[in-house]
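**Student:** Protein sequence lines correspond, in order, to chains A and B. Each residue of the first sequence is one higher than the one before, counting from 1 in this note's numbering. Each residue of the second sequence is one higher than the one before, counting from 1 in this note's numbering.
Treat the hints with care, since some could be wrong.
Stated by the list, open to error - Partial list, computed: chain B residues near chain A (C-beta under 7 Å):
no., residue
1, Glu40
2, Leu70
3, Val75
4, Gly76
5, Phe80
6, Gly81
7, Gly104
8, Gly131
9, Leu134
None of these hints come from the bench; they were simulated from the model. Heads up, the beta-carbon is just placed ideally off N, CA and C, and yes, glycines get one too.
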Amino acid sequence: MLRKVLVANRGEIALRIVRACHELGIGSVAIFSEADRDSTHVRVADEAFCVGPGPVPRSYLNVPNIISAALVSGCDAIHPGYGFLAENARFAEICADHGLKFIGPRPEIITAMGDKATAKRVMAEAGVATTPGTDILATVELAREAAESVGYPVLLKATAGGGGKGMRVVERPEDLERAFLGATAEAEASFKDGRVYMEKLIRDPRHIEVQVLADEHGEVVHLGERDCSIQKPSHQKLIEEAGAPNLSDRARARLHDMAVRACRHVGYSNAGTLEFLSSGDDVFFMEMNTRIQVEHPVTEMVYGIDLVKEQIRIASGEPLGYSQSDLEPRGHAIECRINAEDARNNFAPQAGKLGAVIFPGGPGIRIDTHIFSGASVPPYYDSMLAKVIAFANTREQAIARMERALRETLVDGVATTTEMCLEILGTEGFRSGVYDIGFLPRLLAQRVG
Amino acid sequence: MSPEHPTEEEPSARAQRLAEFFVNTPLLRLRIERENEEFEFVRSSFAPVRGAAEQAVMPDPVAERPVDVLRADVVGVLRFGRHVPTLGEEVAEERELAAIEALGIRTSVRARSSGRLSAILCQDGAAVDYGRALFEIERG
């Protein structure tokens, strides 16, 4: 087993990883920026090192200071959490160069999955269904030929992309050139990589993802699916649930099978998530996230497995110790993200000093958070303050439990997404479980209208 | 940010009042320069960094003489040079007091001005993090 882990992150996920280390009986070292000096993960970890001032490039992306903190504190591993350096293959290589175990897959897997066009090609080789589309398109002329072949409407996507940057929907041939030039320019500006590829546009799909765990000895299991279709107009997730409601047994089995097959094909190890677009019984691979996800707790609740501890065990070289037949989901879990955002103002992020903070409790409620009464919300970072997770035997009971929990939640001092989540939970669309990624944008548009 | 104060106030009383103001702010460092006087207040305690060496000498929290606080700007291990700094010694501007070793690179810690070494806040061999106060120099 690893002896001491540096947690290269902040906020609730840093605290989550430190807690896993404590329960495994291994040492934990937190890093923090000057803006996070009073944060909970700093207080709870065994040791803590300031790695820079508030802005992310000078602290949580300051690789020399992070590696040095790991070395001087005697760590033998680094857990990157999510975001920041979690999917940075070069960082994983640097860890290895300094004798530090990167808790995640091998760098070459991160590289392959980080490039969306390569990931799609690799997945297609593994027999995973991918959206009809193309490889990298070098010119407008090639894009025009490809669009005729794929069939309009099409989606132009940046191969290095994420968060909707470098993405354009093209409905008609006459719009293609402008969209192509816009997508490549935006991708170049955002990722320093202007390459784009094309996919058939799947209208109003659901976003369904499959959690996988793979050890370093070739054993791979899935831990079911999550429905993450409740997304803000910016495509950021707001509510997730496990399992996905109204998914046919056939589609569910296909998703699980493809996820495991893909991991075996690429020789994946550690925790990962394969994201799919689903429309009816059709499912198409979208991308793979080679890290722990924000929404991992809903899977933990229905499978009774601590995914972060599993990541550390796997990185220690231990075998999973169980197979697919040992895993059986139980009940239903929903997660609501409590963000410091003004939902009535296009989810504008909020910063400042919090007043009273009171989180709910009671049966079936789990809170993953780093905030407390009087804590500061710095302007430099992601606006997520907490995750409220409700677990119950049935989806109906989980919704009722979540509604009760959100009504008990109090976060004074900044606008939050609590009320927005409650509004969504109360809609007929959500309660019926028949919703897609356009659900929240349509709800917001109706409200404005 | 600077509090107002009457001009007839004695410097020591002014320093005391400013110190009281400073301890009630979240600031790590406050420097006030006026025509004929300068005040600098530096918070001497940081969030606990277990594993790093304890402070060797506690600084006077209220300094009436201008004080330079030399801080670590990288994470690493503090190493004193052959000329080990001694509390109370006079140091010249640009004198190397120590270096921070990190990833095989040595980053000098040098006096920004000449003066008296009034506090040595970390020991040789200590793990230091970003912003950690290492030395204080009363400018002379």
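**Student:** For each hint, tell me whether it holds in the structure or not.
**Tutor:** Quick rundown of the hints versus the structure:
| no. | hint | in the structure |
| --- | --- | --- |
| 1 | Glu40 | violated (18 Å) |
| 2 | Leu70 | violated (16 Å) |
| 3 | Val75 | holds (4 Å) |
| 4 | Gly76 | holds (5 Å) |
| 5 | Phe80 | violated (16 Å) |
| 6 | Gly81 | violated (19 Å) |
| 7 | Gly104 | violated (10 Å) |
| 8 | Gly131 | holds (5 Å) |
| 9 | Leu134 | violated (13 Å) |
Of the numbered hints given earlier, the model fails hints 1, 2, 5, 6, 7 and 9; all others are met.
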